[in-house]
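Participant: Here is how the chains run, residue by residue.
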Amino acid sequence: MADKWELAIDDITPGLLLGADLFDEFGIVLCREGEPLTNSLVMELRQGGIKKVTVKKAKMADIDITQPAIDHFAEFDHHVDKCLSMVMHHDEVQQISGIIKKVNRSRAQSSDMGLKN
Amino acid sequence: MADSYATMVGELKELPSPPMVIQRLQAIFVKNEITGREIAQIVETDQGFTARVLRLVNSPFYGFARKIVSVEEAISMLGFNSIKQLILATSMMNAFKNQQYAINMRKFWLHSLAVGVIAKHLLYNRNSDTQNEAFLCGLLHDVGRLIFSKMDPMKFTAFYFDMKSVTNIENETKFFGIDHQKLGELLAKKWNFPESIATVIANHHTPLEAKGHNLLVSAVNIADIVAHAFAIGDSANFYISDFYPEAWKTLGLDFERFEKTLHNALDDVDKSNETMGEFH
Ligand SMILES: [Fe+2]
Ligand SMILES: [Fe+2]
Numbered sequence: 001m002a003d004k005w006e007l008a009i010d011d012i013t014p015g016l017l018l019g020a021d022l023f024d025e026f027g028i029v030l031c032r033e034g035e036p037l038t039n040s041l042v043m044e045l046r047q048g049g050i051k052k053v054t055v056k057k058a059k060m061a062d063i064d065i066t067q068p069a070i071d072h073f074a075e076f077d078h079h080v081d082k083c084l085s086m087v088m089h090h091d092e093v094q095q096i097s098g099i100i101k102k103v104n105r106s107r108a109q110s111s112d113m114g115l116k117n
Numbered sequence: 001m002a003d004s005y006a007t008m009v010g011e012l013k014e015l016p017s018p019p020m021v022i023q024r025l026q027a028i029f030v031k032n033e034i035t036g037r038e039i040a041q042i043v044e045t046d047q048g049f050t051a052r053v054l055r056l057v058n059s060p061f062y063g064f065a066r067k068i069v070s071v072e073e074a075i076s077m078l079g080f081n082s083i084k085q086l087i088l089a090t091s092m093m094n095a096f097k098n099q100q101y102a103i104n105m106r107k108f109w110l111h112s113l114a115v116g117v118i119a120k121h122l123l124y125n126r127n128s129d130t131q132n133e134a135f136l137c138g139l140l141h142d143v144g145r146l147i148f149s150k151m152d153p154m155k156f157t158a159f160y161f162d163m164k165s166v167t168n169i170e171n172e173t174k175f176f177g178i179d180h181q182k183l184g185e186l187l188a189k190k191w192n193f194p195e196s197i198a199t200v201i202a203n204h205h206t207p208l209e210a211k212g213h214n215l216l217v218s219a220v221n222i223a224d225i226v227a228h229a230f231a232i233g234d235s236a237n238f239y240i241s242d243f244y245p246e247a248w249k250t251l252g253l254d255f256e257r258f259e260k261t262l263h264n265a266l267d268d269v270d271k272s273n274e275t276m277g278e279f280h
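For the record, the sequence lines run as chains A and B. If you count the first sequence from 1, position 25 lands on 25 in this note's numbering, and the numbers rise without skipping. If you count the second sequence from 1, position 169 lands on 169 in this note's numbering, and the numbers rise without skipping.
In case anyone wonders, no lab produced these hints; they're calculated from the structure. What you are looking at is a predicted structure, and each value in this text was computed from that prediction instead of being measured. Hints are all accurate, no fakes.
Derived list of chain B stretches under chain A, where covered just means 3 residues or more per stretch with a C-beta under 8 Å from a C-beta of chain A:
1) 239-247
2) 256-266
Part of the chain A face toward chain B, derived, beta carbon under 10 Å:
3) K82
4) S85
5) M88
6) V93
7) S97
8) G98
9) V103
10) N104
Only pairs whose alpha carbons sit at most 20 Å apart, straight line, appear in this in silico EDC-like list of lysine to aspartate or glutamate:
11) A/K102 - B/D267
12) A/K52 - A/D11
13) B/K107 - A/E44
14) B/K249 - A/D91
15) A/K102 - A/E92
16) A/K82 - B/D242
17) A/K102 - B/E259
18) A/K102 - B/D268
19) A/K56 - A/D11
20) A/K101 - B/E256
21) B/K107 - A/D10
22) A/K102 - B/E256
23) A/K56 - A/D3
24) A/K101 - B/D268
25) A/K101 - B/D270
26) A/K57 - A/D10
27) B/K249 - A/E92
28) A/K102 - B/D254
29) B/K182 - B/E170
30) A/K101 - B/D267
31) B/K189 - B/E209
32) B/K174 - B/D152
33) A/K52 - A/D10
The beta-carbon is built from N, C-alpha and C at its ideal position, and this holds for glycine as well.
My request is simple: use the sequences and hints to build the entire structure.
Facilitator: Below you can see the structure in the form of structure tokens.
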């Protein structure tokens with residue numbers, strides 16, 4: 001493990017490389033060692049209940065970080081849009097979706113904790 | 001495969017039976033005159049169960065200013081109907097405890113709890129009995145999914161996690177031979193649950209097909225959509241595949257009030273983790 005770290009999922013900087021295969025609670029491989037941890041992958045892992053991830057110790061300069069910093073609000077909005085995509089043609093759902101995003105923002109800002117989950 | 005499920009369910013062999021304490025309670029619930037003391041005596045024969053009932057009664061969802069310390073006191077505070085439903089719901093949740101499921105139970109109950117709390121808040125201007133009923137309906141609405149998960153974990157995983165397809169009622173019926181609404185309803189009926197709860201379980205994705213109890217069905221239907229959109233917990237499906245403007249209208253909420261309701265409901269959900277720890 002000398003060349004690896006175990007990090008909490010919230011401490012992952014996008015661009016780090018996975019240091020070991022990652023499994024879900026049923027033993028199914030989620031992603032393989034060496035895979036770069038992108039924003040969207042980190043979000044998926046977080047939603048899948050993954051709390052800790054082993055990453056390779058590498059100088060950040062060795063890693064091509066092409067992704068911007070995580071934008072929790074954009075992630076949340078994206079989730080809402082995806083979740084409601086099949087019913088978004090209803091006017092009411094468009095309004096509901098807008099309110100859900102607004103409530104998430106105001107709650108996150110008031111608790112200063114980012115994404116409510 | 002569909003046939004074998006239908007047979008299995010038809011015979012109700014795989015559905016858990018109500019525990020003795022509930023069977024004894026059901027026997028006295030049908031009497032015209034029963035006292036709080038009688039109910040309390042039966043509940044208190046099971047200490048673990050009593051603790052869980054009191055835990056729920058003392059949770060933020062009921063909002064009592066002081067701690068309720070006995071079942072009899074809970075009955076006097078909540079009323080006979082509410083406590084009866086709460087006892088039944090607690091007992092059913094208990095029946096699924098400590099078993100292996102192809103589903104994360106913590107997340108499952110968190111989803112259920114969120115639906116219950118949101119449904120209750122959506123009915124903010126109704127009487128407290130109706131609100132309490134909505135809460136318990138929400139807690140139990142997806143119980144059919146747990147039965148699927150228990151009956152055949154491999155098939156359950158294949159359907160809900162591997163296929164990543166639309167896990168709606170029609171596809172469930174094609175895949176399993178029955179959907180989680182009907183399965184949950186069968187369990188509710190086997191346990192002699194009040195008709196309102198059985199109806200909500202049976203129609204939370206098909207609110208227009210409900211025979212009666214439209215307010216409760218609509219509240220849980222909309223609450224389910226909101227809980228999914230907020231990604232609170234997990235009930236093993238991702239996409240919302242149906243929305244019924246009629247269900248929304250039944251609630252009689254304007255959007256401004258809806259926003260306030262969400263804030264209040266999420267405050268309650270945030271306080272909930274401890275309560276649900278009892279059930280997974
Ligand atoms: Fe459901
Ligand atoms: Fe649900």
